[in-house]
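Novice: Modelling step: build the complete structure from the supplied sequences, incorporating the hints.
The primary structure of each chain is shown beneath.
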Amino acid sequence: DVKVTQSSRYLVKRTGEKVFLECVQDMDHENMFWYRQDPGLGLRLIYFSYDVKMKEKGDIPEGYSVSREKKERFSLILESASTNQTSMYLCASSFRREGQGISGANVLTFGAGSRLTVL
Amino acid sequence: DAKTTQPPSMDCAEGRAANLPCNHSTISGNEYVYWYRQIHSQGPQYIIHGLKNNETNEMASLIITEDRKSSTLILPHATLRDTAVYYCIVRVTGANSKLTFGKGITLSVRP
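Chains as they are written, first to last, in the numbering used here: chain A, 1 to 119; chain B, 1001 to 1111.
Some clues are possibly wrong.
Said to hold, decoys possible - Simulated pairs of lysine-lysine, DSBU-like, Cα-Cα distance not exceeding 30 Å:
1) A/70 / B/1069
2) A/18 / A/71
3) A/3 / B/1103
4) A/55 / A/71
5) B/1052 / B/1069
6) A/71 / A/53
7) A/18 / A/57
8) B/1052 / B/1103
9) B/1069 / A/18
10) A/70 / B/1003
11) B/1069 / A/53
12) B/1003 / A/55
13) A/57 / B/1103
Calculated directly from the structure, the hints in this document are not laboratory data.
Specialist: Below, the structure is given as structure tokens:
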């Protein structure tokens, strides 16, 4: 019944490496999001996308880029990983259109998270 | 967006109702109240949302005061698996909306 799948649960990378975090959803959601979560800081939005090939910066986009070539897939890219990017990364998706019941844009389905350690 | 205030933590006994408060005194007329929870080492999970009326689903009930300045999430019969961080978020609804999560309230359910 998994609906938002993040490619790796745990990753260990070295400083300067290029890192790809992949997220796939099977709910035909238009919106997709990448958050990071750190102790004491809560969840912070990195980037989001409302449609294929479009992206919007969130609150902390520095050091990250994203790619959305297909509706179901949203990738987070760390061009040159640094130790301060060690974190839990969470992908989420939602419908864009508003409607009845729970189909609203603010009803997010999250993945299980990817814990990245940069050494 | 209206800011929300939640106490940092609370606990309750297993089998009893857990009442989680949230203050949102600056809420505007078109803003909804959303509740999510995050069990340790998992991604957040949507619970419920509402505008004015009380709402109930299979997970919880949401009680919003008449002036909409505060709300309470009720877990009617808390279990150990309900131990989690619970986030109260106020946001307008819309196609391009994006949520901001605060620090939430940590609920500990004791045996």
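Novice: A separate judgement is required for each hint: does it hold in the structure or not?
Specialist: We went through each hint and held it up to the structure:
Using a Cα cut-off of 30 Å, the hinted pair residue 70 of chain A and residue 1069 of chain B is violated, with the two alpha carbons roughly 41 Å apart. Between the alpha carbons of residue 18 of chain A and residue 71 of chain A the distance comes to roughly 23 Å, so the proposed pair stays at or under 30 Å and holds. This hinted pair checks out: residue 3 of chain A and residue 1103 of chain B have alpha carbons roughly 25 Å apart, not beyond 30 Å. Under the criterion of a C-alpha separation no larger than 30 Å, the hint pairing residue 55 of chain A with residue 71 of chain A is consistent with the structure, at around 12 Å.
At roughly 10 Å between alpha-carbon atoms, residue 1052 of chain B and residue 1069 of chain B fall within 30 Å of each other, so this suggested pair holds. With a CA separation close to 9 Å, the supplied pair residue 71 of chain A and residue 53 of chain A stays within the 30 Å bound. Of the supplied pair hints, the one linking residue 18 of chain A and residue 57 of chain A holds, its CA atoms being roughly 20 Å apart against a limit of 30 Å. Proposed proximity of residue 1052 of chain B and residue 1103 of chain B is supported: the alpha carbons are some 24 Å apart, at most 30 Å.
Taking the CA atoms of residue 1069 of chain B and residue 18 of chain A, the gap is near 46 Å; set against the 30 Å cutoff, the hint is violated. A hinted pair counts as satisfied when its Cα atoms are at most 30 Å apart, and residue 70 of chain A with residue 1003 of chain B does not qualify at roughly 35 Å. Only pairs whose Cα atoms come within 30 Å are accepted, and residue 1069 of chain B paired with residue 53 of chain A is rejected, the gap being roughly 39 Å. Simply put, residue 1003 of chain B and residue 55 of chain A have alpha-carbon atoms about 26 Å apart, close enough for the 30 Å limit, and the pair holds.
Note on residue 57 of chain A and residue 1103 of chain B: the hinted pairing holds, with a Cα-Cα distance of about 22 Å set against a maximum of 30 Å.
Hints 1, 9, 10, 11, counting from the list given before, are not met by this structure.
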